[in-house]
Amino acid sequence: MAGPLEQFKITPIAEMEVAGVDASFTNSSLWMVIVVTALTVFLLGGMRRNALVPGRWQAMVEMAYEFVANMVKENVGREGKQFFPFIFTLFMFVLGGNLAGMLPYSFTFTSHIIVTLALALVVFVGVTLLGIAKHGVGFLKLFVPSGVPAPLYLLIVPVEVLSYFTRPISLSVRLFANMMAGHIMLKVFAGFVVSLGAAGILGAGAAVLPFAFNIFLVGLELLVAFLQAYVFAILSCIYLHDALHPAH
Amino acid sequence: MAETHTEVADHGQGGLPQFDATTFESQIVWLFLTFIVLFIVVSRMALPRVTKVLEEREERIATDLDTAERLRKEAEEVKEAYEVSVAEARKKAQETIAAAKETIQADIAKAQAELDATLGAKADEAEARIEKARAEALAGIGEVAGEVAAQMVEKLGGVDVDVADATKAAKAALGTVKGA
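Chains as they are written, first to last, in the numbering used here: chain A, 1 to 248; chain B, 1001 to 1180.
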């Protein structure tokens, strides 16, 4: 039986190398392609009729649109509109990856630190460049909150700088750790069911407990899948807001 | 757990697969590839369609609300016009009724006055006639009395009395009666 970490193993399906870069098509890549394809079908399929009065499918697409649109409007403001497609893509991509991970035999690409870190760095670098482009030196006001007694700046400025530069780490580790922990738990309790079931009639009776717990865990993980995608997107919005309005 | 350790050891990595740096490159390559594809689908195809539908719906609702508001105003105007015309009609009707009442009352008064005049004239005439008849009767009564007296005297006393004398006497007697 595979161990609880086995599910995170990257296995190449087709070895590839493009311009000296390893671009092997792996199980991770496969699930990225599956998720993007499924999201494309979901989004374009829902809007295939552009009905004035939406059906169920179209209503779901519109709901996703309005959910992210409101998130951007409330956390970034009016200027956030131009970043809406990016935030929407980010949210749907992470949500798709998290949810696809709940399918049996699937691979959860959002449970890999390199994937979440790359996404977080795109957000971090993009936001930082945007802030500098918009405000120049004024962007440094972000580290100097107003309305604080002067001596406290000695303490506050380093804290602000530190918290700013740990953003990509906290953003990526939060998602990766949540996804990994959840999937390990699922696997461990599923392992209990199998081992207990193999240990005779008494064990089979006892196996009901981890099985029931696993059912609860699946529900919890579905919630976490949505919640972490939401947190990832909303934090990106908040960082965007900081870049647009550094003087807080 | 022992099983886990052997499994991981079997693959010779002795740690989380997440920290196997040899897989990073291909993961990043495919992440950016798929993410960019999704971004293009979202920003070029999906979102503009949703935006268009939502805008059209908002526009439609706004138009419908405008139409409703316009129709409501029109209805209010019609109602006001109706109320004005009803009030006017009522006023006109009351005026007509008042005028008719006045005319009728004037007619009645006139008729009453005419009737009164006629009746008064008739009563006066009748009175005059009665007075005249009475006078005539009173005038004739002396002669009749004279004649009656003459005949009574002739029949009773066998004395032939001149009627003229008898009349004169009767009239004289009546005159005293009258005087009394």
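Note that these hints are calculated values from the structure, not bench results. None of the values given here were measured: they were computed from a predicted structure. Glycine included, C-beta positions come from ideal geometry on N, C-alpha and C. Some clues are possibly wrong.
Pair ranges (Cβ atoms, derived) [as the list claims (entries may be wrong)]:
{"no.": "1", "chain 1": "B", "residue 1": "Leu1054", "chain 2": "A", "residue 2": "Arg174", "range": "49 to 55 Å"}
{"no.": "2", "chain 1": "A", "residue 1": "Glu15", "chain 2": "B", "residue 2": "Phe1032", "range": "17 to 23 Å"}
{"no.": "3", "chain 1": "B", "residue 1": "Glu1055", "chain 2": "A", "residue 2": "Pro149", "range": "21 to 27 Å"}
{"no.": "4", "chain 1": "A", "residue 1": "Leu202", "chain 2": "B", "residue 2": "Ile1040", "range": "56 to 62 Å"}
{"no.": "5", "chain 1": "B", "residue 1": "Ile1040", "chain 2": "A", "residue 2": "Ile238", "range": "24 to 30 Å"}
{"no.": "6", "chain 1": "B", "residue 1": "Arg1060", "chain 2": "A", "residue 2": "Arg174", "range": "38 to 44 Å"}
{"no.": "7", "chain 1": "B", "residue 1": "Phe1032", "chain 2": "A", "residue 2": "Ile238", "range": "22 to 28 Å"}
{"no.": "8", "chain 1": "B", "residue 1": "Glu1055", "chain 2": "A", "residue 2": "Phe226", "range": "25 to 31 Å"}
{"no.": "9", "chain 1": "B", "residue 1": "Phe1032", "chain 2": "A", "residue 2": "Trp57", "range": "25 to 31 Å"}
{"no.": "10", "chain 1": "B", "residue 1": "Leu1065", "chain 2": "A", "residue 2": "Ala14", "range": "46 to 52 Å"}
{"no.": "11", "chain 1": "A", "residue 1": "Pro149", "chain 2": "B", "residue 2": "Arg1060", "range": "27 to 33 Å"}
{"no.": "12", "chain 1": "A", "residue 1": "Val231", "chain 2": "B", "residue 2": "Phe1032", "range": "18 to 24 Å"}
Quick rundown of the hints versus the structure:
1. Leu1054(B) - Arg174(A): 49 to 55 Å: 32 Å, violated
2. Glu15(A) - Phe1032(B): 17 to 23 Å: 19 Å, holds
3. Glu1055(B) - Pro149(A): 21 to 27 Å: 50 Å, violated
4. Leu202(A) - Ile1040(B): 56 to 62 Å: Given range 56 to 62 Å: holds, Cβ gap about 58 Å.
5. Ile1040(B) - Ile238(A): 24 to 30 Å: 26 Å, holds
6. Arg1060(B) - Arg174(A): 38 to 44 Å: 42 Å, holds
7. Phe1032(B) - Ile238(A): 22 to 28 Å: Check passed, 24 Å falls within 22 to 28 Å.
8. Glu1055(B) - Phe226(A): 25 to 31 Å: 28 Å, holds
9. Phe1032(B) - Trp57(A): 25 to 31 Å: 29 Å, holds
10. Leu1065(B) - Ala14(A): 46 to 52 Å: For Leu1065(B) and Ala14(A) the Cβ distance comes to about 58 Å; the hint is violated.
11. Pro149(A) - Arg1060(B): 27 to 33 Å: Taking Cβ atoms as reference, Pro149(A) and Arg1060(B) lie about 56 Å apart, which means the hint is violated.
12. Val231(A) - Phe1032(B): 18 to 24 Å: Hint holds: Cβ distance 22 Å, inside 18 to 24 Å.
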